[in-house]
Structure formats: structure tokens, C-alpha cells
Amino acid sequence: MAAVNQTWADKRRQENRQLGLKLLWIVAASILFVFSLVPLYDLLCKVTGLNGKTDGVASLENARVDMSRMVNVEFTSSVMPGLGWNFYPKQPSIQVRPGQIETVLFVAKNITNQVVAGQAVPSVSPGKASSYFKKIECFCFERQELQPGETREMPLRFYVSPDMPDDVRVVTLSYAFYSAIEPAK
Amino acid sequence: MSYTTTAHHDAHEDHPSGIMRWLTTTNHKDIGTMYLIFALIMFMVGGSMIMLVRAELFQPGMQLVQPEFFNQLIGVHALIMIFMALMPAATGFANWMLPLQIGAPDMALPRLNNWGFWLLPPAAILLTLPYILALFGIGDGAIATGWTFYAPLSVQGGIGVDFAIFAVHLLGISSVMGSINVIVTIFNMRAPGMTLMKMPMFAWGWLITAFLLIATIPVLAGAVTMLLTDRHFGTHFFDAAGGGDPIMFQHLFWFFGHPEVYILLLPVWGFMPQILQTFARKPMYGYKVQVYSLWAIGALSVVVWAHHFFTVGMPVPALLYFMYSTMAISIPLAVLFYCWIATIWRGSMSFETPMLFAVGWIILFGIGGLTGLVLADVAADAQYHHTYFVVAHFHYTLFAGGIMGIMAGVYYWLPKMTGHMYNEKLGKLHFWLTAISFNLTFIPQFFLGLAGMPRRIPDYALQFSEFNMISSIAAFVLGAAQLLFVYNIISCARGGKKATDQVWEGAQGLEWTLPSPPPYHSFTEQPVVK
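These protein sequence lines map, in sequence, to chains X and Z. Residue 185 is where the first sequence ends in UniProt numbering, and the numbering goes up by one at each step. Residue 530 is where the second sequence ends in UniProt numbering, and the numbering goes up by one at each step.
Watch out, some of these pointers could steer you wrong.
[Claimed, not checked] In silico DSS-like pairs for lysine-lysine, Cα to Cα no more than 27 Å straight-line:
1) Z:498 <-> Z:428
2) X:22 <-> X:11
3) X:11 <-> Z:425
4) Z:530 <-> X:11
5) Z:198 <-> X:22
6) Z:425 <-> Z:497
Treat the hints as calculated values from the structure; they're not laboratory data.
Given the sequences, and given the hints that come with them, work out the whole structure.
Put into C-alpha cells, the structure is as follows:
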């Protein structure tokens, strides 16, 4: 009787161990899931325009100009803590025709006595306009390094795609300048 | 007397004594007791922190503490109450009662169980150590981001954030181990004849909680790990300058954070119908539909997370989806409420302390649920977001719905666990003081929130003075009332009127067939359920 009980208990212990180990697969899957969310989130933002993330360098092809409407493009800027710069757009807003290539200037001034590098991060609002906002040339494509006290006028060449839905009349482009992170060596 | 039933198991009784007994124990009752005592201690620690916060908020202006210290207090209060008071209390009940309720001799994986508990005290030390280090000039104190760790604040924070990250890792490992143990116990260790649909409701509540935990705790662990590498190893998961996104942190955090709410509440929803049926002397109403509702809520809880940050900016279709899916949770929850009310409807009710807490819990938790429905409305949430309305709402769900529910469970099972009756008069006094002062603390906060007082700020505008004063005074009463609770538990553990096996006249279930207190090894011969 005791022996029977013993084997029964052993079998039970083994079953418990096996089920416990199987449940660890859920934990593993869950960890895999959270790290896969990082690229998935980027993809989702790109598809939906969430957070106003814009595409990289745009090409110049099929730049037909839509003469039937005007879009008001507004510019805002901010400097994040840790970067000793002044940074502002030279013009608060401009009227553009979709498809027309425009150039605007932003001004950055290093007010510290050190060489400082910054990185601008753009965001477009409303989010659904972000994929139609095409940047041909932008100071945000690379990090900017300013000498102590140096002032620099930085150009942005862009156009608004004629395919943009016509209920969007105002597009706001916002730049946040961050203290640039040391590039990986 | 209880030892005579297990006399032939002398070998097993031969456990070490003193501190080694508790360090090395694999007995589910010992571990359950340790979980419950740990939860009670941390409940008082987290409570004293918020007493200091309410003292600072007693008047406008800064009186007692520095704003930085205030920020540390609120965040650590939340982390302690959630991870070290509510969750260990629920796990303590699971350890004590699950094996007794399903007729198992012990938890399925006893050594894992021991490890799961002993990770908690180091986590508690890690979380609070920065306070002490700051006294010696090391670092600038504990985590000051609130319990949500939002980036970029948490990326810039001091060493308190690192300590909290490692504390969360330990707590996460502990919860995952506890949950695996619960699932294996429920699936493999039930008495012959006890099918899943004959299980006590507490087992169902805990089973769903355990699945939610092992699915979502790794998400939190992953998110805080990314935070750690962002802080120290040059990654930019949440740093916009490096191509990351701080809003992604909010998504990751609340993907864990919303199910966490139900993780805290589902065990309570499990044992509460058992308490209600005991004191209404009527069978539980709608067992099956309650089980299905628990599953429905568990499933919905993982797909509604973004309602915690509607105002951060989202496309309209996403707002609509998260609003409607959040509101959909109220349907299975309403079903549960109807079942609880129907269980006591026309019963022969008597109002011992557990029943007082249970009935008070239905009403107060109901207020918590209804105010949640208000917050789920995207249009209204824009006004209520990050105000004291939110603070009042989640204290109705987590203090009334969680802690007061746990208190009902403590009074319900304390005679079974200790073998003595607690002091009934003191218990009732504790209930009334708690219920009244709780409402006086948090009803003013609803109004403060509606009037626009932001949460997590140590100072406030003059027009909020009166409500804050009422809230603070009531909070002090609420805090002091918990000393009665502690005293009642200690005196009950030390002695008192002997409890019978069944303890309560209407109590049903396997745990009430055992002596009070149950022998150290129970159900060595499995009971058969018909």
C-alpha cells in the first residue's frame, strides 16, 4: 500500500514538473512578444501616421502642382532640456500649393561656450498628413554641430504631396532639438 | 488534537524550528501565513507613506516635505500597495486556501513556492533602500516618477529608478513562480470527482489571475529592462533623439498595467461569492455565468490598455476602439454584480464582520466601476485625465474593491487559520470606521478632480483647501482604524474563543470540513467529491 502511494506521489510530482515547465513557454512567448512590439510599433506608426512620424528623404518625382487649393504650413520649434541652444523658424507659417517645392529657414544659435551637437526630431500634425509631407532636404537628416556662439541658418526643402486629402488645410511641422547622442563607435 | 489525525506522518512533522523553519518551509500553510504577514506589514508601510502625503496636502503651500520627496512618496506608496500588499495578500490566500478548497495535500510545486515568497523581502528592501541611502548622502532618494515609470522622466531619474527596476524584476519573477504554482495545483491536484466546473469560485478567480500574470508580467519586465538599457547601456528605445519613442513606453507599460488591475481584483471576485453565500445561507447564484464572466473580463482586459492615456494623442479610430472595448468590460462585470446581489437576495442574512465588509464592498466597488465608465468616455476623459477624479476612482476600485475585499477574506478565514474567533465587536468597529472614513477621504477627491485639481502635485490652488482638509482628516482616521485591524489579527492569533470546524453556520466547502486550525499536513488521504 505504501509502495503504491509512493509511486503515485512520484508520478504526480513528475506531472506537476512537466506542466510547470510547459507554462514557462507562455512566459517565454510573452517576453518575445514585448521585444517584437518595438519594431511593430514603428511599423504601426508609419502606416497610421501615429505620432506624426515622417518618412526620410523624399524623391522629386511626380511633382505635379495642384493649383486648385492652398495649404497653410505652420512651423513650431522647441529645444529639449540639456541642449544650450536657441532655435526657431524664421517664418511662423507659409501658404503652399500642393506639389510646389518650397524652402524655409530655421535658425539655431549655440549660446554655450562649448562645441555642442544637436539632433532635430520632426513631427507632423495632424497625424494623417504626415505621410504626405515630403522633405527633400532637411537639417534633421543629420546631427548639427555648432561652435561656441555660432549661429546657423538651416534650410528645409519640402513639398506637400498633391495626394493629401483636401480636408487638411493646415499642417503643423514641429521640430524638437535634442542634445545629440554620441554615435556608436 | 489535530496531531492525532496525522500521527503516522511523524517524519514529516520533523521540521526545523525557529527561523530556519520559516526560511526552508515548503508547507503551503506556512508560506501562506508568511505572504499574509508580509502583505500586512507592507500595507502599514505603504499606508504611513500616504499619511505623510495627506499631511502635506492638509493645507495649500509647502509645509512638511520637499516636492522631490513628495514625488517619491506617492510612487513608492503605489508600488508597495500594488505589488507588496494586495498581490501578496491574494497569493497568501491562494497558498492557504486553494489546497484546502480543492482537497489537495499541498501546492503542486512546494520548493518553487518557498522561493517565490523569499524573493519578496529583498524586493521590498530594494525599493525602499534609496530613502535610507539618501540620508547618508548617496543618491537622491527613491523612484520619483510615480508607479508608472513614464519615460523620459524615468530615463532622467536618479538611482531610485534603478532600484525600482530591479525590485520589479524580483517581484515579477516571484509572481510568475506563484502563478505557475497555482495553475499546476488547480489542474493537477484537485480531489477525485472535483471537475473544473465544480471548483470553488476562488479557484476560478485565481486561475484567470494566474494566466494573466504569466502573460503580462514579462511585458512589464521587458519594458523596465529597456528602460534600464536606455539609462545605462546607450540604447534609445524611448529616446526620440535616437529614433525611439517615449509614447511606446506608455503602450508597453499599460499593456501590463491594465490586466494588472484585474489581477488584483479577480481573486477577490472569486472568494467574495463564497462569503456572500455563507452569510446569506443560500447557494451561490449563477455559478456558471460567473465563471464565464470572469473569463470574459480576463480576455477583454488585455485589449483595452490605451484608455489610460487617451490624451497623449491617438488617431480617432483608435480612440473609438479603446473607448468601446473598455465600456464592453462593464457588461460581464454587471453580470457579476447581479449574481452577487442575487446571491444575497432574500437570504437569511446575518452581518458578522466578513459580511459587513462583503456588502460594503459591493456598494463601494460599484461606485468604483461606475466612475470608471465615466473615465472611459474619450470626450469626458480629456477633462478628468490626471486629476484627483482618477485618484478617487482607482481607490474605490483598489482600496474598496481590493483591500476591503481582502479584509472580508481575512475575517472570514482567520478563525479557520488560527483556530480562534477574532473580537467581533472590534471587527465591526473596524469596518464602520474604515467604510466611513474611506468615503470621506475619497468623495471630496471626486469633486476636487471635477474642479480641476491635478494629481501628483504637492501644492494646490486656494479654492481646493476645504475639500483637501476634509480628505486629509478622514485619511488620518482611515489610517488609524487599520491599527485596530492589526491588533485584532494579532490577538486572534494569540488566543480567544475556540473556533468550531465549520466556524460559520452557513459555510460550505472542503476547507470547513477540517479542524480549526487545520493540521500541518491536511488531506493526506484525498477526499472524494460527489
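Cross-check of the supplied hints:
no., hint, verdict
1, Z:498 <-> Z:428, "holds (19 Å)"
2, X:22 <-> X:11, "holds (17 Å)"
3, X:11 <-> Z:425, "violated (49 Å)"
4, Z:530 <-> X:11, "holds (24 Å)"
5, Z:198 <-> X:22, "holds (25 Å)"
6, Z:425 <-> Z:497, "holds (14 Å)"
Violated hint for the displayed structure: number 3, the only one.
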